[in-house]
Amino acid sequence: MDERLSVLVLDDEPIVGRRLQPALAKIGCDVEIFEAPGPALERLKEKAFHIVVTDIRMDDMDGIEVLERVMERNPETRVIMITGYATVEMAREAEAKGAFDFIAKPFKPQELRDVIAKAADSLGFHGVAHAAVPDVP
Amino acid sequence: MPIIFICSVPFSGGERVAKSLAQKLGYGYMSREDVVARANEAGIPVGKLEVAMVKRPSVQERMARLKDRYLAVATATICEKAQDGNLVYYGRAGHRLLPGVSHVLRLHVLPEHGQRVETVMTRLKLSREKAEKFLRDIDGDILAWVRFVHGIDMDDSRMYDFVANLENLNLENAATALCGVAELPDFRPTPASQRAMQDRFLQAQARIKLSLDDRTADVDLTVRANDGVLTITYVPLQARAASLISDAVGDLPGCREIRCTMASTNVLWIQEAFKPDSETFREVNELARRWGAAVELLQYKPGDAPSDAVAVAVGRSAAMEARTGGVEDDVPEARPSSEEKSFQETLEALVHEGRSGGGQRVSGSRDRLSAVISPSIPYSLVVLGDLFLDKPPATRTRLVRELSMFLGDHVKAPVLSTADLAAKLHLGGREVARGAVAGVLVVLIYCGVFLWQDKLIDLLGGPAHKAAPWFAAVLVALMAPVIAFLYGSVLASMMKWLKMD
Numbered sequence: 020m021d022e023r024l025s026v027l028v029l030d031d032e033p034i035v036g037r038r039l040q041p042a043l044a045k046i047g048c049d050v051e052i053f054e055a056p057g058p059a060l061e062r063l064k065e066k067a068f069h070i071v072v073t074d075i076r077m078d079d080m081d082g083i084e085v086l087e088r089v090m091e092r093n094p095e096t097r098v099i100m101i102t103g104y105a106t107v108e109m110a111r112e113a114e115a116k117g118a119f120d121f122i123a124k125p126f127k128p129q130e131l132r133d134v135i136a137k138a139a140d141s142l143g144f145h146g147v148a149h150a151a152v153p154d155v156p
Numbered sequence: 133m134p135i136i137f138i139c140s141v142p143f144s145g146g147e148r149v150a151k152s153l154a155q156k157l158g159y160g161y162m163s164r165e166d167v168v169a170r171a172n173e174a175g176i177p178v179g180k181l182e183v184a185m186v187k188r189p190s191v192q193e194r195m196a197r198l199k200d201r202y203l204a205v206a207t208a209t210i211c212e213k214a215q216d217g218n219l220v221y222y223g224r225a226g227h228r229l230l231p232g233v234s235h236v237l238r239l240h241v242l243p244e245h246g247q248r249v250e251t252v253m254t255r256l257k258l259s260r261e262k263a264e265k266f267l268r269d270i271d272g273d274i275l276a277w278v279r280f281v282h283g284i285d286m287d288d289s290r291m292y293d294f295v296a297n298l299e300n301l302n303l304e305n306a307a308t309a310l311c312g313v314a315e316l317p318d319f320r321p322t323p324a325s326q327r328a329m330q331d332r333f334l335q336a337q338a339r340i341k342l343s344l345d346d347r348t349a350d351v352d353l354t355v356r357a358n359d360g361v362l363t364i365t366y367v368p369l370q371a372r373a374a375s376l377i378s379d380a381v382g383d384l385p386g387c388r389e390i391r392c393t394m395a396s397t398n399v400l401w402i403q404e405a406f407k408p409d410s411e412t413f414r415e416v417n418e419l420a421r422r423w424g425a426a427v428e429l430l431q432y433k434p435g436d437a438p439s440d441a442v443a444v445a446v447g448r449s450a451a452m453e454a455r456t457g458g459v460e461d462d463v464p465e466a467r468p469s470s471e472e473k474s475f476q477e478t479l480e481a482l483v484h485e486g487r488s489g490g491g492q493r494v495s496g497s498r499d500r501l502s503a504v505i506s507p508s509i510p511y512s513l514v515v516l517g518d519l520f521l522d523k524p525p526a527t528r529t530r531l532v533r534e535l536s537m538f539l540g541d542h543v544k545a546p547v548l549s550t551a552d553l554a555a556k557l558h559l560g561g562r563e564v565a566r567g568a569v570a571g572v573l574v575v576l577i578y579c580g581v582f583l584w585q586d587k588l589i590d591l592l593g594g595p596a597h598k599a600a601p602w603f604a605a606v607l608v609a610l611m612a613p614v615i616a617f618l619y620g621s622v623l624a625s626m627m628k629w630l631k632m633d
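Top line first, the protein sequences correspond to chains C and P.
Anchor point for the first sequence: position 3 equals 22 in my numbering, and the numbering is continuous, going up by one each time.
Anchor point for the second sequence: position 454 equals 586 in my numbering, and the numbering is continuous, going up by one each time.
Read the hints as simulated data drawn from the structure, not as lab findings.
Just so we're clear, the structure is a prediction, and the values are computed from it rather than from any experiment.
Backbone N, C-alpha and C fix where the C-beta goes; we use that ideal spot for every residue, glycine too.
You may find that some hints are simply not true.
In silico EDC-like links for lysine to aspartate or glutamate, alpha-carbon gap of 20 Å or less [as the list claims (entries may be wrong)]:
1) P/Lys257 with C/Glu91
2) P/Lys473 with C/Glu91
3) C/Lys45 with P/Glu250
4) P/Lys187 with C/Glu130
5) P/Lys187 with C/Glu108
6) P/Lys257 with C/Glu130
7) C/Lys127 with P/Glu460
8) P/Lys265 with C/Glu130
9) C/Lys127 with P/Asp462
10) C/Lys116 with P/Glu250
11) P/Lys262 with C/Glu108
Quick list of the computed label-pair ranges, beta carbon to beta carbon [stated by the list, open to error]:
12) P/Ala405 with C/Asp49: 36 to 46 Å
13) P/Pro231 with C/Gly143: 47 to 57 Å
14) P/Asp383 with C/Pro41: 39 to 49 Å
Go ahead and model the full structure; you've got the sequences and the hints to work with.
Laid out in structure tokens, this is it:
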């Protein structure tokens with residue numbers, strides 16, 4: 020598959036986007052960063068992203084609602100939830116509503132890359148899994 | 133009045149019972165959410181623990197330190213709130229946080245399944261099938277949490293004073309009935325139970341301070357409080373941290389004295405490759421549990437290129453740092469070899485058991501090995517595990533025996549191989565037979581003494597003694613060690629059978 024993997028990152032803390040953008044670009048993803056759910060959902064109407072990475076606890080709308088909207092619009096999109104306030108209830112709710120995976124903060128970018136590689140693999144992007152392995156001797 | 137702990141699973145109605153009970157009694161109310169919020173404020177990422185229950189049970193042990201910190205924050209938060217007055221706490225197994233405190237009422241609320249499914253379907257907008265699966269999953273996760281964090285089975289009714297089953301009882305009536313239970317004199321505070329709670333509070337506060345201080349955060353410490361005296365025990369390998377402990381704890385209200393002591397019972401386990409799921413680990417851990425000992429791991433590669441001893445520490449639990457937004461630095465980490473990983477996992481398993489004495493790695497000759505074993509550490513036992521793995525079994529046995537003799541000359545502690553350790557720990561068939569024979573002989577001697585009492589007294593001090601006084605002396609000199617040996621054999625077998633050392 021020649022198409023590049025498109026990833027939308029939504030987190031109301033600007034630093035999260037700033038840190039994840041280079042970490043995901045490194046494995047060949049086209050990354051778009053959003054800090055508010057409204058504009059992110061507008062963008063999702065225009066473009067079907069392969070992967071959405073969203074925070075759960077946000078002021079305007081929570082990540083579970085974002086997940087529901089994404090699943091309604093494009094069930095093929097893999098949604099990865101990230102949060103600093105994870106609970107088993109929250110993780111299982113996200114799972115029941117179709118989230119691909121759930122990551123508790125703090126996490127290392129490699130942890131997210133590993134999950135993205137699995138999500139990409141499930142979408143037929145097998146090269147990402149290989150690229151996700153860090154260049155360590 | 134008591135501190136009331138109500139335990140239940142989510143969407144069970146337990147929270148409503150707890151709130152209603154607090155309102156009826158005029159008590160303060162607190163839930164697990166408050167404790168988690170406090171833990172997150174203190175930089176403890178409780179979410180990591182929660183997600184570990186859902187995703188990978190194998191990583192749970194790696195979170196031993198995180199768990200200890202969470203428990204300390206939970207205990208301190210509850211004690212702080214309960215000090216202001218009466219309290220109802222709703223959570224998963226909060227009553228386990230206050231061992232020894234008798235003015236605690238432990239209640240378990242069992243949900244009505246149909247109602248619970250309906251609640252989930254409405255609140256989470258899930259189909260019935262998904263709601264049922266969701267509930268099965270979270271119940272399993274919460275059982276796993278309680279088992280990992282508190283070491284108990286949440287469904288074990290022996291853990292509670294009362295169980296309210298909402299199958300045949302509505303929420304309000306359950307709360308009303310429990311009001312009467314809360315008034316019972318059995319759960320009223322006594323001076324002793326209040327003192328016990330103050331000690332639990334002090335202990336938790338000290339634990340938090342030590343875990344938040346960079347100098348002591350990764351040190352294996354046991355913290356105990358008794359009547360306002362804090363006793364903090366460190367393992368010998370981390371003796372350098374001793375001088376920092378008092379400084380890190382600082383002034384705590386209610387603390388009369390801080391005592392820092394080195395763990396007095398220590399087992400040194402030397403092996404070439406460690407595995408936390410091995411039989412040897414179970415044997416050593418069992419022994420350490422019985423002795424209340426700390427286990428220090430020493431990974432020794434005999435014959436390899438000599439290396440300096442490398443101290444190995446358990447990876448620090450991730451802490452939430454606001455400036456990174458929860459995304460840590462993207463630095464590629466060297467992936468540890470499977471051997472290093474196993475060593476680390478064994479160390480973490482010991483931390484989880486509260487028995488870690490630290491770990492180090494060394495390779496080279498046996499002189500180099502003995503050089504890294506500190507003579508100032510009072511080891512109670514040295515265990516030689518699987519060593520010389522590249523050698524044939526007969527050579528391996530001989531080399532282990534030689535190393536055992538060598539270390540026996542250099543370390544002031546008994547040195548045992550794992551085979552010897554198993555024999556010391558478990559009662560074998562030969563020992564049972566020997567103990568039984570010794571027992572029969574002891575009984576026969578007793579019977580003989582009491583059946584021929586007159587003749588014996590005559591021999592020891594009567595006319596027979598006067599005729600041949602030397603005979604009594606020879607008889608006592610011969611029989612006393614025989615009887616002592618027989619008694620000893622019987623008692624040794626019995627103590628081993630009772631798992632007492």
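Structure-based check of all given hints:
Restraint check: the Cα-Cα separation between P/Lys257 and C/Glu91 comes to about 14 Å, which is no more than 20 Å; the hinted pair holds. Of the supplied pair hints, the one linking P/Lys473 and C/Glu91 is violated, its CA atoms being roughly 43 Å apart against a limit of 20 Å. A hinted pair counts as satisfied when its Cα atoms are at most 20 Å apart, and C/Lys45 with P/Glu250 does not qualify at roughly 46 Å. Only pairs whose Cα atoms come within 20 Å are accepted, and P/Lys187 paired with C/Glu130 is accepted, the gap being roughly 13 Å.
Proximity of P/Lys187 to C/Glu108 is assessed by CA-CA distance (about 13 Å); at most 20 Å being required, the pair is judged to hold. For the suggested pair P/Lys257 and C/Glu130, the alpha carbons sit about 30 Å apart, so the restraint of at most 20 Å is broken. Under the criterion of a C-alpha separation no larger than 20 Å, the hint pairing C/Lys127 with P/Glu460 is consistent with the structure, at around 5 Å. Between the alpha carbons of P/Lys265 and C/Glu130 the distance comes to roughly 27 Å, so the proposed pair goes past 20 Å and is violated.
Distance hint between C/Lys127 and P/Asp462 is fulfilled; the C-alpha atoms sit about 7 Å from each other, no more than 20 Å. A threshold of 20 Å between alpha carbons decides the hint, and for C/Lys116 with P/Glu250 the separation of about 17 Å falls inside it, so the pair holds. Distance restraint check for P/Lys262 and C/Glu108: the Cα-Cα separation of roughly 13 Å lies within the 20 Å cut-off, and the hinted pair is therefore satisfied. Look at P/Ala405 against C/Asp49: about 45 Å separates their beta carbons, and that is inside 36 to 46 Å.
In this structure the hint that P/Pro231 and C/Gly143 lie 47 to 57 Å apart at CB holds, the actual value being about 55 Å. In this structure, P/Asp383 and C/Pro41 meet the distance hint of 39 to 49 Å, their C-beta atoms being roughly 45 Å apart.
This entry does not satisfy hints 2, 3, 6 and 8, going by the numbered hints stated previously.
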